[in-house]
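Build out the structure end to end from the sequences listed, making use of the hints.
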Amino acid sequence: MKPERGTGVEVRLEELHRHYGSTRALDGLDLTLRPGELVALLGPSGCGKTTALRILAGLDEPTSGRVLVDGRDVTTVPANKRDMGMVFQAYSLFPHLTAQANVEFGLKLRKVDRARRAARAREMLDLVGLADQASRYATELSGGQQQRVALARALAIEPSVLLLDEPLSALDAKVRTQLRDEIRRVQLEVGTTTLFVTHDQEEALAMADRVGVMSKGVLQQLDTPQELYAHPVNAFVADFVGLMNRVPAEVADGRVRLLGTEVATLDGSVTDGAGVALLRPEQLTVRPDPDGTAEVVDVMFSGAVSRLRLRAGEQELVSQLSGSALSGLSAGTRVRLGVDAERLLVTAP
Amino acid sequence: MARRSGVRLRPALGVLPFGVYLLIFLIVPTVTVLIGAFAENGRPSAANLAALADGSVATALLNSVAVSAVTALIGGVVGALAAYAVVTGRPDGVLRRLVTSVCGVLAQFGGVTLAFAFIATLGISGVVSTWLDAHLGTSLTSSVWLFGLKGLVLVYSYFQIPLMVIVFLPALDGIRPQWREAAANLGATGWQYWRYVGLPLLAPAFLGALLLLFANAFAAYATAAALVSQGSPIIPLWIRTALTSEVVLGRQNFAYALALEMIVVVAAVMIGYTLLVRRTARWIR
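Chains as they are written, first to last, in full-length UniProt numbering: chain A, 1 to 349; chain B, 1 to 285.
Check the hints yourself; a few may be wrong.
To be verified - Chain B is faced by these chain A residues, among others (derived, beta-carbon under 10 Å):
#, residue
1, Tyr20
2, Arg54
3, Pro78
4, Asn80
5, Leu109
6, Asp113
7, Thr139
8, Gly143
9, Phe301
10, Ala304
Honestly, the hints are just simulated from the structure, not real lab data. Cβ coordinates follow ideal geometry from the N, Cα and C atoms, glycine included.
Printed below as a string of structure tokens:
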């Protein structure tokens, strides 16, 4: 059960444009963050997600458009007056200060007295599980610990908005998962409206209340992780969020025929004629059949679920099966493919 | 056991030539100076050291320290500002390439050539002196300021400033843009960023560079020798006098005592620097 939310503020990015010469880093971005929610902006490098975050932080200026925080237009307010906490990708701790002094930094600028800021820093370090590392310098902390201190530092000033700029990307896989869960726990605990930028879809889906998928400076879809995964609005979103198989199909009357079966099409699909149906690995079923049209290339066993690489004619496909469904399947097995989905997105061929 | 220690010693073999170099050109001369300063005619003696307290020698030491400290400060401040101007430009820009190339040359530009360049421009018959006297009514052509301590400060600054630019650029390059952004994000103004982050981070490198500049000026000989023909206002020129003079009978080893004095001054400055930056050891890795 999620803890009760604190009092976050609403953040609106309205029709944001950011042009660098002929390059449009942002091309009319509209995004609203509800009070207290964590929105992840997801997309490939150069899609504009970091630009959006930097504009919200005041570290970059939009060519046009508005930034509103709690209804107030802050588009021209400088970064140091925006009252936002930010965690950078890496190496943002001040190396000449201890973890404690780093966390106190923003409070010192706000002229909070020594005793109160020390207590607040302790409280924040405790929140991120580093109370016993307070006297250490950045060089004496691991990458994961440094990012926790950075999070504590950003939260110490009780920011109206928390900004996370790929804070996990420089960490190894195990620490990344731990810290991901921790950031989410802390964010829920303090209830600060949070914008989180990442190129890692797993991270975005696991942490965010809503995920915005960006491409070429435009927000393609903003939805809950479940909706985004189940009902992508276009091929880009479908492709970017989760591995997709592309299977030739025929569409007629709102239904798509493929692999010997027929299901309904999702909104945004082609309406008639030949198309390419997008299937997630778990939507592609596999049954051993000597007369089947596909063949198992290899089996990647990974505990509860395993992945099968398949070849059907010239095409490579991936299926995801539970451990028990794997019996009788190994490299070289002939198989019959099927579909386990109620609706599918079909794009133009 | 023997084999294991052999394996352990192997990396040390690589630095052996450097060790030999240090031994021959640093340790042996230092020990020779040390022994020589305390001896006269093969017998232990404090006469040479006592002579360091002589009025003109003591003044020369003060002059040397003053010229070195002033030129280190001028070079340090002006060079650091110039280096900052360079790093605010594009890292691969023309300005940076031009400035680093020019500084690389100018920092090594000393001795007779440099002294002559200044004599030819600002000396008694210098082009600039003559022009200024004729047009602005100055009296540079009748002044010998260039050949005294003021002149040394000006001429030394000529190579101190570019040297500072070269040694300080890497320190400025090491300042990450995230620190500035993080500070701004936490509410710092530009001034507060420099006060609480930028300057404290650069202080050890700045002090280290000042020390280098001080030692550079303190040991400079050729430029001063070419510029100053009357007397020995600084210690290196006193060493020349002590080595070549035939009138310091009974104090043949006086040059050793002067050299020892220089070693002590540089060592004292280095110890001072080490104490100053000792607390930074934990965060500079």
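Report the numbers of all earlier hints that the structure fails to satisfy, in ascending order. Structure breaks hints 1, 6, 8, 9, 10.
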